[in-house]
Every structure is written in C-alpha cells, then in structure tokens.
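Please build the complex by placing chain B on the supplied structure of chain A, with the hints as guidance.
There are 2 protein chains.
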Amino acid sequence: MTHASQNAIPHQSVAILIIGNEVLSGRTREANAWFAAKSLFDVGCKLSEVAIVPDIQDKIVSTLRRLHQQYDAVITSGGIGPTHDDITMQSVADAFDVSLLEHADTLQMMTDYYGADALTKGRRRMARLPDGAKPIICEKSICPGAFINNVYVFAGVPHIFASQLTSVLGDFQGIAFHRIEIEANHPESSFAQELSEIQAQHTAIEIGSYPGRCGNQPTGKICVSGTDEVQIAQVKKIIEQMLKDKQKT
Amino acid sequence: MTHASQNAIPHQSVAILIIGNEVLSGRTREANAWFAAKSLFDVGCKLSEVAIVPDIQDKIVSTLRRLHQQYDAVITSGGIGPTHDDITMQSVADAFDVSLLEHADTLQMMTDYYGADALTKGRRRMARLPDGAKPIICEKSICPGAFINNVYVFAGVPHIFASQLTSVLGDFQGIAFHRIEIEANHPESSFAQELSEIQAQHTAIEIGSYPGRCGNQPTGKICVSGTDEVQIAQVKKIIEQMLKDKQKT
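As they're listed, the protein sequences go chains A and B. Under my numbering, the residue at position 110 of the first sequence is numbered 166, and the numbers go up by one with no gaps. Under my numbering, the residue at position 161 of the second sequence is numbered 217, and the numbers go up by one with no gaps.
What the hints contain is simulated information worked out from the structure, not anything from laboratory work. Accuracy of the hints is not assured; some may be wrong.
The list makes no distinction among identical chains, and a pair is therefore deemed to hold if it is satisfied within one copy or across any two copies.
Result set (EDC-like, lysine to aspartate or glutamate): computed pairs, CA atoms no more than 16 Å apart in a straight line [as the list claims (entries may be wrong)]:
1) K177 to E158
2) K115 to D161
3) K177 to E250
4) K300 to D150
Chain A with its partners taken away, still in its complex shape (with noise of 0.2 Å):
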C-alpha cells in the first residue's frame, strides 16, 4: 500500500496549494511551501507557483481545477484531519467530479492500530479518500494522504507533510539545479546595467540579485542558478571581475 508512482517522467512543473484560515488570519506563519520549495529545489523540479487559500469549499474546488490543468502536478497541503473545518478530501473528490469513499484497506490499517472502539467518527473520516485516489503512507502518521490524477494530497502538520512529500520525491527528480551566491560590496543600483548585460548573454542561467547591508553600507548579493554547473562557475567568474572593475572606477 505505499506509494508507487505512474510516473514516466517525472514532474516538471509543480505547483503548491496550501489550504487553512490559519494561515491567512496570520496565526500560523506557512512552512509546509518553503519545506517544498527547497526539496524540489534539490531534485531539479521547478515550483512554479504557490497558492493560499481559505478553509472555503468553492474556492479549493476552483483554484486546485487552475492549478491541476496549469500544472504537471500540484501538492496541497492541509484539511485532512478529523474535524468539520477539514474539507480538503471532499474537495479534491469535487474537482474530480468523483465521491468520496471509504478506503477500505485504509480502514482496516486504522481499525487494526486504533482498536475498533477507539475509531471515532472523527478518525473514520480521515478513512475517506476521493473514489480512484491511491493511499499515501508515511512513517509520521497511520492516516494516508492521497494521490489522484496529478494532485497529491498531505497533511498541514510540518512533520507529516514533510514525511509524505519525501516518501514520493522520486516522483518529482529532474536534473538537479545549483545555486552560487556572491557577495558584492557595492549597492545594487551600481552594477544593475552590467549584470543585465552578463544575464542577457548568458540565457541558461539565471541571475538574481537582492539587497543587503553591512553596517549603514547597501550592498548586494548576486545569485547565480541553473543545471549547467560549468556555465554557473563562468558567469560567476565574470560578475566577479565585473565588480572587482567597479572597485577600481
């Protein structure tokens, strides 16, 4: 009953849909995206955009209808508990224009670790997974997560989420990206022209920079990224010479 992936080729386009009030009235700072991000980052597999939304039936329904069609594959995250304000299983099932069901092998796992007196109403809902929707089991906890056409769903509990995602990262390994970063004593306005140069005759890469400080000083850090390793270490030799130009003007 774990996870075996159909995947072919694997994913190279993500998005992430994140679904709970919590998050949006500012009582739980997100986790569950920026876990995501840095594993995808690590496989080679692009995030592509994130998405929060409320604990608001319509609105999962819609956005996850975008984003399934948009994208190679989307992850939510959150809504699978016991409680009334966990809606994300019957929307996933409404998107797909298929029920919701009770597992029946999911069931059994559950009745077999709680003990049938103890399966509440409460844990029985989390037995319910969309009709076609595979169980995904993970070391963190006996209730699954589920994955149906290209919509993988996981709990919002950072832990759990972040077990459910590694037990089907395999389904997302693309050429792995790097990342250098390089630091520039200057403020970003002074070498923004010449490093728009260097990215426009280097189209493999990509070159971000962001702004920094040092005492009262703005300075910038530059971030080169991509797949071609060797192209990276070129264009961080040559942003470095750029600067060290600057330092002489």
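Frame of chain A; chain B shown alone:
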C-alpha cells in the same frame, strides 16, 4: 506626496501577490505575506488569498489581472529594485494597459537625495511608475511603492514592505477581529463531532481545530474567531464545558 486614501469604503477582501524566484526556489523564506496577514487581521480586514509567482512577466500580469478582478484590493511584494530581474512595475503597467513612465516628482526627490552624479541608470529605473499611479512613500526607502486602481505595489525587502503597508493600513480598516484559543487535553478526533455541532449552531463565528502534542499524547487547539466578542466568549464557555464532559466519560 504621501499616500492619501481615496477609498471611502475600506477594502473588505484583499489578496497578496508575492513575486520572486528566490521564494519559489527555497532560497528565501516568505515573510511579507505573513506580516501582512497579521496586520490585516488586527485591523479587521480579511486576507482572502496569497499567490506566489516567479519573475516571469506573463505570469505576473495574468495573476495580477485575476486577483484585481476577484478582490477589493491587491498588495504586491517584490521586484521593484534596480536590477534586470525586477520587473514588477512594468508588469503592473502591462496589466492595466498603461505606459511605464518616469515620475517627475519622484525623480526630483531621488536626485535631491542621491545627487545628480550618483543617480545611476539602475536608480533612475526606480523612479518609473505606471502612468496614473500614485507613489507610496514610507520612512524606510527613498524609492516609492505605487498605488494604481486597487493595487498596492510594495518592495520585497521585509522592513520596507512593512513600512509601506503600515503607511496605508488605514485603507484596510474594518471591524476588528478577535481570536481566542482553547487548549484541549484530548486528540482532535475525540471531540470532532461535538465541535462540528457547536460550529453549526454558531455560524457568525469561525471555529478552527488544530492538532497539538503534549509529550507522546496527541492534543488539540481550538481557535474561535470573529467580530462579535460576546459570542466568542459564549462559545468559549460551551466548548470548555464540552471538553470537561468528555473528561468525565
């Protein structure tokens, strides 16, 4: 030149659009949506959706148009710096089919601040605003944000974002929300059914339930929020009684 709100009625629904490859690649943990979520909750304005998109012009334009149509107001964060990867102002102009123009007062202010000699091409880039936009000035940066239609364009650097949002927070003033939390010494699944019934009887307030843990014991946190403090207090009592009764059984 400070921001003067033209909004007779405060914004009732708000979306945030975070722009930046650095967030989607896991380099940077998103902080501004979280800050905004807390700030908006405190003034009684509902944060309805957050979208995080990469530094890709088409994607920024299409997402901004969607959010602009769906919500009373949109706040963007990121991509207004001096370098080639800062394309937010151009994208906002494109989204509303207007030109991106040097803003005379802003340019004058920046020239006075930096001196004409130090007004590099990169810095001068930051004096451009979508045609018809008003600059949003804050304490933390000489380079302005912008306000056009129902869109607030802010910086990605957290202390500047916070200062810019704070300077216009009056536009978002609603009826203050209140939130209380109740610790439950039981797992969520044990009171899920009762909580669902309490929520059904009190539709004007919102009850959220979140899993917790005390040592090896799963516990729960129940969060009651809304604008009616009296009803929140009543519901708190009802929930506490329900949890007490659970303890006896």
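Quick rundown of the hints versus the structure:
no., hint, result
1, K177 to E158, "within (12 Å within a copy, 63 Å between copies)"
2, K115 to D161, "neither (30 Å within a copy, 42 Å between copies)"
3, K177 to E250, "between (64 Å within a copy, 11 Å between copies)"
4, K300 to D150, "neither (59 Å within a copy, 37 Å between copies)"
In this structure, the hints that do not hold are numbers 2, 4, in rising order.
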